[in-house]
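Its first residue numbered 1, the sequence shown is counted upward by one per residue in my numbering.
If you're looking for bench data, these hints aren't it; they were derived computationally from the structure. Take the hints with a grain of salt, since some may be wrong.
Claimed, not checked - In silico lysine-lysine, DSS-like type, Cα no more than 27 Å apart, as pairs:
#, residue 1, residue 2
1, K266, K201
2, K68, K95
3, K98, K20
4, K68, K11
5, K68, K154
6, K68, K98
What the hints assert, rightly or not - Label-pair ranges, simulated between beta-carbon atoms:
#, residue 1, residue 2, range
7, K98, S142, 24 to 32 Å
8, D204, M125, 24 to 32 Å
9, K98, R145, 47 to 55 Å
10, S39, I284, 13 to 21 Å
Just so you know, even glycine gets a beta-carbon here, dropped at the ideal spot from N, CA and C.
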Amino acid sequence: MIYIYNLSLGKYIIVHGGSKLPFGTTIQQNLHAFDTELSCWIKLDNHLDEKEDFIPEGVYGHSMVVVKDFLYIIGGTAGTQFFNSVHRFDLVEKKWEKVFEHIVMFNEENNVPIGRYRHECVTYMDRWIFMIAGGTSREVFSSRRVFVYDTVLKNWIQVQTNKVQQDELNIRQFQPPEVRCHSLAIDGANIYMIGGFIGTKSSDSIWKLNINPENLPGKLYNPKKLDIYWVKVRHNLPKAIFFHDSVFDAEYGEIFVFGGNSDTGKRNNMLSRFRVQPATLEKISKKARDRICEKKITCF
1 MIYIYNLSLG KYIIVHGGSK LPFGTTIQQN LHAFDTELSC WIKLDNHLDE
51 KEDFIPEGVY GHSMVVVKDF LYIIGGTAGT QFFNSVHRFD LVEKKWEKVF
101 EHIVMFNEEN NVPIGRYRHE CVTYMDRWIF MIAGGTSREV FSSRRVFVYD
151 TVLKNWIQVQ TNKVQQDELN IRQFQPPEVR CHSLAIDGAN IYMIGGFIGT
201 KSSDSIWKLN INPENLPGKL YNPKKLDIYW VKVRHNLPKA IFFHDSVFDA
251 EYGEIFVFGG NSDTGKRNNM LSRFRVQPAT LEKISKKARD RICEKKITCF
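Input sequences plus hints: build the corresponding full structure.
Right under this line is the structure:
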């Protein structure tokens, strides 16, 4: 799993866990970071001793996000067992901590998600981690049921999205899919779910989950009371893909989608751009100016 993080010392690409073909036979548990300024790799947990210090079990298909100075590892699998546990790594103190113990016996009435992999997570307001869809080797979970991990209270909360879902033009009604191997990108109060594997086919669809925080009394609210709903975006990806990645560029209001796999099994290095916010004239002018300067054309 890869995550891009901006530390005070520079910009890092953080890599944790993962497996190789055949999946599950070899699983990594180390935490590495690539320094984009020095162009070198760093092992973040190199000082830890497996006998004396806590180091979580290696997993793949997990999700990874950063909240403040903590790197969170959510779910994943070791090959046969699927986890709903949450671990975090203190990026300052350089140590691991288990913040939510894996629960084997699942009860649909509680708020704990079924153990899963190939799900996706995003952070909201530097506190909550939204986990959407994913699955196991036998089933795929619906994106209508969203699970939220509270990093302050250290517990899971289940949020049921509204049943009536519409497209952007309010012409047709849709039900959000059961999906895995998708990607997420967040823009303010909107979470975008992009592509993925639905049933037996890859998807080119884009969905938007509106958290609608305006109706809430303040920041420290209970996500259980959230009035959230899915909207099917009328634009699609250039081609159906899964196992890709997405990132939101806040400066220009754009989502970039890279790579992925297709139904034929062929991987690609395609880079797509999807604009979710109109950029200001100032930002457009600055971007054009930067491109001109990159081409070594005289600019002012």
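Hints and how they fare:
no.	hint	in the structure
1	K266 to K201	holds, 14 Å
2	K68 to K95	holds, 15 Å
3	K98 to K20	holds, 25 Å
4	K68 to K11	holds, 15 Å
5	K68 to K154	holds, 15 Å
6	K68 to K98	holds, 17 Å
7	K98 to S142: 24 to 32 Å	holds, 28 Å
8	D204 to M125: 24 to 32 Å	holds, 30 Å
9	K98 to R145: 47 to 55 Å	violated, 25 Å
10	S39 to I284: 13 to 21 Å	violated, 31 Å
Against the hints set out earlier in the document, violations occur for numbers 9, 10.
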